Amino acid sequence: MSRTTLHEASADAGAGADLLRIVRINEEIKSVVGIAFRINIMALNAIFLAKRAGTTALGFGVLSNELRVFSQDLRTGMEALTGLVHACVAEVSRVLQDIRHTGLLRRAVADVERPGPAAVLARREAENAAHSAHLAELRKALQRALEDAFRLVELGSVLAKSAKIEAAYGQSFAGELSQVSGEFAGVVEEIRESLESLRRSAFFNPPREAGRAF
Amino acid sequence: MKTTKTIFQDGNHKWVAIVRDPQRPDYLIDTNEYLVTHGGQGLLLDPGGAEVFPAVFSALSSEFDPSALAGIFASHQDPDICSSLALWLEFNPDMRCYVSWLWSSFIPHFGGSAETFVALPDEGGDISLEGLMLRAVPAHYLHSSGNFHLYDRVARILFSGDVGAALLPPAEDGLFVEDFDRHIRHAEAFHKRWMGSNEAKRRWCERVSQLDIDLLCPQHGAIYQGADVQRFINWFDELQVGIAGA
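So the protein sequences, as listed, match chains P and W. Sequential numbering of the first sequence, starting at 91, is according to my numbering. Sequential numbering of the second sequence, starting at 48, is according to my numbering.
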């Protein structure tokens, strides 16, 4: 196998793996969106519970409301992440196509002595480089959006902990409020773990930009 | 790399067959591509699949400047016919692709833009190549439901797409049919299975019998010349097609 063909095969495998990774990221984001929806329902129930508890659960009510806002913010954040993931899928697919297309062009031009075909190949390679650069930008944007979501979840975690403390002042409702706040803490932790796994995705640490490897 | 063979030349009017790549992997069907040139421009007939593009391009470039290709004629929509379209367009984005109207919105999946495609009506029509008028001859259902062949009245050559195709063993893969009876055995199963309509076949035989043809050039196998052209038309006319084993 020639050196160029090896490079193409390696770039092809890299872009293929990228596509798989981005699909997995998308699946994880979908699960976070589902959890965010659950928090919204839980927060609504908690608000009703706090109203029933009256003055003893005023603080808990305020925190429940904040958790509801948090769930909405989280869903908005996840929508932004989903948009970026779709853009990444499109760009990774384009890079995959570039690799095959350019590989065939390179093989076609290799034995041709006319100057024109080499210029066409050079133009195509410049376009590939632009696609790779765009993919690199999208990776960074996705990573930044993920960090934003992570910070939001840290806030959710603080709200859940505060709700736990407030539950202790709920007198006869303390047991119920404590159970609800425990559930909040559980789901927020679930989201945090999901985002942690996304942060570790090899998609954010490519050995080199796939499109440049060929 | 494929080899090129000039099968007709009169001044700058030329037909070049691009054939037989010794490095072609066995899992890809062998294809013949044909380049028609006239007045400095070229028309490539059934340019082939993406996988054979390097071999076809290298061979074509040895004969002709690929940026001077004005168009591609696609007999039908199959991948071995024109899945290389996007690659050819790299060398001349203004190139036109002539194809049955039936496939003009399917083939763009291989590449090209709205401007690339010239949709041929069912009755066919003329294609001009720097003043040389080539005729798109209807061959619908042979085998594709929207199918054309290309006739050059001046060169007396008919490009016949899959009609006349033969799957030749390596020892018998000469460019021209040498022994019709021996050759046609390699064409029979192909025509019975791929050609879908006896009625369409009869119409085609009647239509092309009225043309003066010195060379009948299929997309697979060997070229029929001289008396073998009419011999083939007669053989095809008699053959019952549209037959599958199951």
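By construction, these hints were calculated from the structure, which means they are not laboratory data. Please read all numbers here as calculations on a predicted model, not as lab measurements. Take the hints with a grain of salt, since some may be wrong.
[What the hints assert, rightly or not] Heads up, incomplete: computed chain W residues facing chain P, CB under 7 Å, no partners named:
hint, residue
1, 100
2, 104
3, 105
4, 111
5, 114
6, 117
7, 134
8, 137
Backbone N, C-alpha and C define an ideal beta-carbon position, used for all residues, glycine too.
Checked hints:
1. 100: Since the shortest Cβ distance to chain P is 5 Å, the answer is holds.
2. 104: 4 Å, holds
3. 105: 5 Å, holds
4. 111: Not OK, violated: residue 111(W) not within 7 Å of chain P, min 10 Å.
5. 114: 5 Å, holds
6. 117: Cβ of residue 117(W) sits 15 Å from chain P, so the hint is violated.
7. 134: Hint holds; residue 134(W) Cβ to chain P Cβ min 6 Å, cut 7 Å.
8. 137: 5 Å, holds
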